[in-house]
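Q: Sequence:
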Amino acid sequence: MAKLEHYIPVGRQRLRCGYTTGTCAAAAARGAAAALLTGNRAAAVEVTTPAGIPVRAELLDWSQGPGWVRCAVEKDGGDDPDVTDGTRIYATVSRRADAVLVIEGGEGVGRVTRPGLDQPPGAAAINSTPRRMIREQLEAARAEAGARCGLTAVISAPGGAALAQKTFNPRLGIVGGISILGTSGIVRPMSEAALVDSITLELDMAKAAGVRHLLVTPGNYGADYARTELGLRTEPISCSNYLGAAIDHAAGLGFESFLLVGHLGKLVKVAGGAMNTHSNTADGRRETLAAHTALAGGDRALVRAVFEAAATDAALEALEAAGLRGAVTAALTRALYENLCRRAGEMRMEAVVFSNRFGLLGETPGAEELLARHRRGEGA
Numbered sequence: 006m007a008k009l010e011h012y013i014p015v016g017r018q019r020l021r022c023g024y025t026t027g028t029c030a031a032a033a034a035r036g037a038a039a040a041l042l043t044g045n046r047a048a049a050v051e052v053t054t055p056a057g058i059p060v061r062a063e064l065l066d067w068s069q070g071p072g073w074v075r076c077a078v079e080k081d082g083g084d085d086p087d088v089t090d091g092t093r094i095y096a097t098v099s100r101r102a103d104a105v106l107v108i109e110g111g112e113g114v115g116r117v118t119r120p121g122l123d124q125p126p127g128a129a130a131i132n133s134t135p136r137r138m139i140r141e142q143l144e145a146a147r148a149e150a151g152a153r154c155g156l157t158a159v160i161s162a163p164g165g166a167a168l169a170q171k172t173f174n175p176r177l178g179i180v181g182g183i184s185i186l187g188t189s190g191i192v193r194p195m196s197e198a199a200l201v202d203s204i205t206l207e208l209d210m211a212k213a214a215g216v217r218h219l220l221v222t223p224g225n226y227g228a229d230y231a232r233t234e235l236g237l238r239t240e241p242i243s244c245s246n247y248l249g250a251a252i253d254h255a256a257g258l259g260f261e262s263f264l265l266v267g268h269l270g271k272l273v274k275v276a277g278g279a280m281n282t283h284s285n286t287a288d289g290r291r292e293t294l295a296a297h298t299a300l301a302g303g304d305r306a307l308v309r310a311v312f313e314a315a316a317t318d319a320a321l322e323a324l325e326a327a328g329l330r331g332a333v334t335a336a337l338t339r340a341l342y343e344n345l346c347r348r349a350g351e352m353r354m355e356a357v358v359f360s361n362r363f364g365l366l367g368e369t370p371g372a373e374e375l376l377a378r379h380r381r382g383e384g385a
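Going by our numbering, the first residue of the sequence shown is number 6, and it counts up by one from there.
Mixed in with the good hints, there may be bad ones.
Straight-line C-alpha distance at most 20 angstroms; calculated SDA-like pairs for lysine to any residue [claimed, not checked]:
1. K212 with D123
2. K212 with P120
3. K171 with L206
4. K8 with G72
5. K8 with A40
6. K171 with E240
7. K212 with P175
8. K171 with C154
9. K212 with L258
10. K212 with A327
11. K171 with G57
These are calculated hints, taken from the structure and not from any lab test.
Predicted model, so just to flag it, every value in this text is computed and none were measured.
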């Protein structure tokens, strides 16, 4: 497979870009449409992406039948591959009796079941920009062939149903396969933007569904604790490491409250002022724990033990032995609350902090009221 030779600087590295499933679908549609209308199977086609970067994509795995032609383009994730890297995206193009261009999803392409996404419920999960790209390529193939017939392009991704289980799609209510995505047509190395987009999209969907009170966790630890230990019935939204972005978007959408349930290992960073908790961006766990230990009256030996602890649970064990665990976790919870409220503005913020070893460590002043609401499953 030919690789896209377009590079961008990321830190001290020069990383290769790839192209999206949307670009693959558009290129496959162009190749299949041209072959259907002219009888010529090209080895490759060139598609200019919305980013202005041309992509030359090889056309693979040809097949045809009465009134239809099918081919594929293999997804190139560049130096930031995701679960769809190397997946073949197919387009089956057939003639229509009218002059209409129709774009549909086939095997392995998901279906939207909930409002708030780029496409309405019932539609194939082929987003607006890929749809436009596919349509443009169908129009170009038709014009080049001098044809006036309508065309139907069915986009498929064999194996997409299994791949989708490794994506956000099940949480978003997209069933049966992957999404055909891409606003620029180009995959840029680093997935932070894509993750933040997924988080904000989930918040958009919650708002569209009438949710007013959010339950948010950084990940699986928080979600499991919320369900099994706190008995919460509301389905949490995961903010991953991007708490600040989630708070900003939620506040902008006008949610009434935001209840955060998280492990101390993440939330101690927030208590120290970090709103992006990825270890590559911020840490400060041991510094924040050590500072609060000193402020709570810990001696030099205890502060050093906390500072040098391999994990937050180990630091808590040292504090427990010294009789200061309660004082330190209470101070950390207060600092966490102050930072959350400062970031949220008018939106109500509350939090619950726990650890695997010691369980519940702290709650912000109004957390219990929101916990009761979410135990009843009342996000709306």
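Q: Would you mind marking each hint as holding or not holding in the structure?
A: The hints, checked one at a time:
{"no.": "1", "hint": "K212 with D123", "result": "holds (14 angstroms)"}
{"no.": "2", "hint": "K212 with P120", "result": "holds (10 angstroms)"}
{"no.": "3", "hint": "K171 with L206", "result": "holds (17 angstroms)"}
{"no.": "4", "hint": "K8 with G72", "result": "violated (32 angstroms)"}
{"no.": "5", "hint": "K8 with A40", "result": "violated (23 angstroms)"}
{"no.": "6", "hint": "K171 with E240", "result": "holds (18 angstroms)"}
{"no.": "7", "hint": "K212 with P175", "result": "holds (18 angstroms)"}
{"no.": "8", "hint": "K171 with C154", "result": "violated (39 angstroms)"}
{"no.": "9", "hint": "K212 with L258", "result": "holds (7 angstroms)"}
{"no.": "10", "hint": "K212 with A327", "result": "violated (46 angstroms)"}
{"no.": "11", "hint": "K171 with G57", "result": "violated (30 angstroms)"}
The structure shown violates the earlier hints numbered 4, 5, 8, 10 and 11.
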